Amino acid sequence: MTILYTTDHEWLRIEGDVATIGVTDYAQSQLGDVVFVELPKVGRSLKKAEAAAVVESVKAASDVYAPISGDVLEVNEELAAEPALVNSDAAGKAWFFKLKIADKSELDGLMDEAAYAKHTA
Amino acid sequence: MLARDESPLLRTPLHALHVARGGKMVPFAGYEMPVQYAAGVLREHQHTRNAAGLFDVSHMGQIALRPKSGKVEDAALALERLVPQDIVAVAPGRQRYAQFTNPEGGILDDLMVANFGDHLFLVVNAACKTEDEAHLRAHLSEACVIDSLADRALIALQGPKAESALAKFCADAPSMRFMDARPRKVAGFDCFVSRSGYTGEDGFEISVPAEHAEALVTALLENADVLPIGLGARDSLRLEAGLCLYGHDIDTATSPVEGALEWSVQKSRRSGGARAGGFPGAQAILAHFEKGAARRRVGLRPEGRAPVREGAVLFADATSAEPVGKVTSGGFGPSLNAPVAMGYLPSSLSASGTQVFAEVRGQRLPLQITPMPFVPNTYKR
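Here the protein sequences come in this chain order: X and W.
Okay, so the first sequence: first residue is 1 according to the working numbering, each after it adds one.
Okay, so the second sequence: first residue is 1 according to the working numbering, each after it adds one.
None of these hints come from the bench; they were simulated from the model.
Predicted model, so just to flag it, every value in this text is computed and none were measured.
Ideal Cβ placement from N, Cα and C applies to all residues, glycine included.
Keep in mind that a hint or two might mislead.
[Said to hold, decoys possible] Simulated DEER-style distance windows between Cβ atoms:
no., chain 1, residue 1, chain 2, residue 2, range
1, X, Ala-60, W, Ser-7, 22 to 28 Å
2, X, Glu-77, W, Ala-321, 45 to 51 Å
3, X, Asp-63, W, Gly-353, 46 to 52 Å
4, X, Glu-77, W, Asp-151, 39 to 45 Å
5, X, Lys-118, W, Ala-134, 28 to 34 Å
[As the list claims (entries may be wrong)] Taking lysine-lysine and the BS3-like style, the derived pairs with C-alpha atoms no more than 27 Å apart in a straight line are:
no., chain 1, residue 1, chain 2, residue 2
6, W, Lys-380, X, Lys-59
7, X, Lys-59, W, Lys-326
8, X, Lys-118, X, Lys-41
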């Protein structure tokens, strides 16, 4: 299992050819209290960098982009019902969606934890 | 380093206190202001509704209108040339909500006017204060000395515990009722206290000499019921209360009637009243009173969970191509635990219970027109 990060403050947990995607704790601290999450439809085919989900805080709406290409396998319905999970457990319970990885080479450009820590320092 | 065309942000007398207390400072109306503290917008909002919130609103303009004749009625009559409100009827020790109107009947700014017995005290919006002062000087200089009170801070103490929190420093605060306004000693400082605010809650606004602002706020914050509150929660509180934000929900292109502010224009200034008209845009505004306006500000409750924000275009149904209106304020209402908005619609579509649609990210989301305030106010009348 590998955790990777994007410059847009998303995390990807890679397990085989499945990537679970969420936003980082840093992202939630910048967003403030999250009040609404819109998730992609299961089965949707996402292209890398396409707007995949929406997270709205009391302040503003932000897009969550697909960090890699792939089909949506599953979405976190619990998160849609309880958006505040993003604030309380961004790296865990507040996962957004799972993708079937279309092209593993797209993972090459992503950061590991050390590089991401440096990015947000 | 500031870019050449960027003017430095101003600071209120409470700037150091905000920073020391973890305020997240952002630019607002030319000032560096706290948008939130560590508690965050949701908790700050709830704390204000459940206990007491303390807001720094020192960026707003405070102006004294001193009648040259010495008679406050002359200042009131002069000010009535610029606003459609009955200012003469504001008794000493009372305050009233008003608008500066333009010749087209639009709103230049909204303000509070208090009668302090020998002069009037005005509180205007930060973003408009320079223009407002110039406007007053241009039109009222013959009758009044226009005194900009830039050496005073302004704080708001709002919520069900505001009265008890203020009573510790101003013994007769509890005897005031909604929209009372008078000079009072607070913690020994020469303040102007009014029982009013911008949250829908009971509460007070306190004008204090700038050099004593930090001492007064520090003293008020020693009470565990009182937390400092940022602009984020100020906005969600006023939105739930159905109160207009100038430049968004009302502006130079909206008349007081379109803005659903008829309640603020007394009968004496309407057609047939003792001092009917005589303010900028009277013809247009009185015509709106008599014949109705084509559009109207309404409250909107999205039926789903997605917030519908300022700028969202409104449609009469789920498919029509022609927009009918626009959202002017919108977000999440923490006390309702639901999204809430306001906007303009044709008067024919403005009845409560009407369903309209907002376009958000390419989808049409249903909203219901809802009477305001969304959260009942708790003013001590």
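| query | Does the structure break any of the earlier hints, and which numbers would those be? | reply | Result: hints 2, 3, 4, 5, 6 and 8 break, sorted rising.
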